[in-house]
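*Asks:* Protein chains in written order, with the working numbering: chain A, 842 to 997; chain B, 61 to 129.
Everything labelled a hint here was simulated from the structure, so no lab data went into it.
Just so you know, even glycine gets a beta-carbon here, dropped at the ideal spot from N, CA and C.
There may be inaccurate statements among the hints.
Label-pair ranges, simulated between beta-carbon atoms [claimed, not checked]: (1) A:Phe944 x B:Ser112: 16 to 26 Å; (2) B:Asn116 x A:Val973: 38 to 48 Å; (3) A:Val973 x B:Val76: 19 to 29 Å; (4) A:Gly954 x B:Asp68: 51 to 61 Å; (5) B:Pro77 x A:Lys938: 43 to 53 Å; (6) A:Phe960 x B:Ser112: 18 to 28 Å; (7) A:Lys938 x B:His103: 25 to 35 Å; (8) B:Met84 x A:Ile924: 31 to 41 Å; (9) A:Ser850 x B:Gly93: 22 to 32 Å; (10) B:Ser100 x A:Arg964: 31 to 41 Å; (11) A:Ala958 x B:Ser100: 29 to 39 Å; (12) B:Pro77 x A:Ala958: 36 to 46 Å; (13) B:Pro77 x A:Ile924: 29 to 39 Å; (14) A:Ala958 x B:Leu97: 37 to 47 Å.
Below, each chain spelled out in residue letters.
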Amino acid sequence: MNRIAEDFSPQNVGAVFIYTHEAHPGENYPHLTSMEQKYRHAQALRDIYAVNRPILLDTLDGACHRAFGSMPNMTWIFNQSGIPVYKSDWSDASSVKNALEYFLQIPERRKAGERLAPFRVERLDYRNQDRVEFYKSLERNGQKAVDDFRKAFPSG
Amino acid sequence: MTDSSIIDLYNYDEFVPEKYERWMNFEASPPLGKRSLDFSLWHLDGTLTTLSEVLNRSLLTVVEFGSFT
Numbered sequence: 842m843n844r845i846a847e848d849f850s851p852q853n854v855g856a857v858f859i860y861t862h863e864a865h866p867g868e869n870y871p872h873l874t875s876m877e878q879k880y881r882h883a884q885a886l887r888d889i890y891a892v893n894r895p896i897l898l899d900t901l902d903g904a905c906h907r908a909f910g911s912m913p914n915m916t917w918i919f920n921q922s923g924i925p926v927y928k929s930d931w932s933d934a935s936s937v938k939n940a941l942e943y944f945l946q947i948p949e950r951r952k953a954g955e956r957l958a959p960f961r962v963e964r965l966d967y968r969n970q971d972r973v974e975f976y977k978s979l980e981r982n983g984q985k986a987v988d989d990f991r992k993a994f995p996s997g
Numbered sequence: 061m062t063d064s065s066i067i068d069l070y071n072y073d074e075f076v077p078e079k080y081e082r083w084m085n086f087e088a089s090p091p092l093g094k095r096s097l098d099f100s101l102w103h104l105d106g107t108l109t110t111l112s113e114v115l116n117r118s119l120l121t122v123v124e125f126g127s128f129t
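Using the sequences and the accompanying hints, generate a full structural model.
*Replies:* This is the structure:
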């Protein structure tokens with residue numbers, strides 16, 4: 842997703858990461874109980890996972906996150922007026938890239954004289970589910986995070 | 061529900077279905093094409109901004125939600 846931000850920035854596409862609650866709390870990164878702690882965890886996200894997009898903290902009660910469906914790692918695309926034009930319940934760079942390429946054609950199509958009207962479309966996209974990397978990240982959170990996930994999803 | 065109740069429920073202390081499933085609520089997310097509500101957000105340096113302020117800066121903005129864990 843960092844790469845998406847870099848590639849599309851010249852075309853006036855912004856990218857931010859909104860920090861939510863801890864989806865998989867563990868001993869090393871426990872559930873959030875203060876904004877100070879949230880800041881520390883967000884800094885770790887920047888430094889350890891190298892998220893180089895601006896990271897913005899939601900309130901401790903997750904007001905923004907909850908308003909948009911509170912999935913653990915979803916992605917939305919908004920236009921400049923604050924209107925959402927894409928929403929996905931997980932995050933996948935290919936899906937986002939595909940959507941951005943489509944939306945960025947709109948101004949050119951209008952300039953070419955097409956009369957355009959928006960419509961909603963639903964689509965089932967596919968994301969890479971790298972379990973090895975995922976379990977590494979759970980281990981980083983703490984053994985409890987690993988154990989809880991294994992109990993919730995015994996088949997992996 | 062009190063503010064502190066929401067904070068405690070939202071920041072669940074363990075990934076167990078009875079605590080996390082209630083937040084998997086994408087079906088209730090707002091529809092596309094309609095302006096969404098605005099929210100206060102904080103930069104890592106502590107400065108305050110809003111979602112609308114962030115979105116107004118670019119033709120399109122990709123917003124990823126997530127956490128360290």
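*Asks:* Would you mind marking each hint as holding or not holding in the structure?
*Replies:* Hint by hint, here is what the structure shows:
no., hint, in the structure
1, A:Phe944 x B:Ser112: 16 to 26 Å, "holds (19 Å)"
2, B:Asn116 x A:Val973: 38 to 48 Å, "holds (40 Å)"
3, A:Val973 x B:Val76: 19 to 29 Å, "holds (24 Å)"
4, A:Gly954 x B:Asp68: 51 to 61 Å, "holds (56 Å)"
5, B:Pro77 x A:Lys938: 43 to 53 Å, "violated (33 Å)"
6, A:Phe960 x B:Ser112: 18 to 28 Å, "holds (25 Å)"
7, A:Lys938 x B:His103: 25 to 35 Å, "holds (26 Å)"
8, B:Met84 x A:Ile924: 31 to 41 Å, "violated (25 Å)"
9, A:Ser850 x B:Gly93: 22 to 32 Å, "holds (25 Å)"
10, B:Ser100 x A:Arg964: 31 to 41 Å, "holds (32 Å)"
11, A:Ala958 x B:Ser100: 29 to 39 Å, "holds (34 Å)"
12, B:Pro77 x A:Ala958: 36 to 46 Å, "holds (42 Å)"
13, B:Pro77 x A:Ile924: 29 to 39 Å, "holds (34 Å)"
14, A:Ala958 x B:Leu97: 37 to 47 Å, "violated (25 Å)"
In this structure, the earlier hints numbered 5, 8 and 14 are contradicted, and the remaining ones agree with it.
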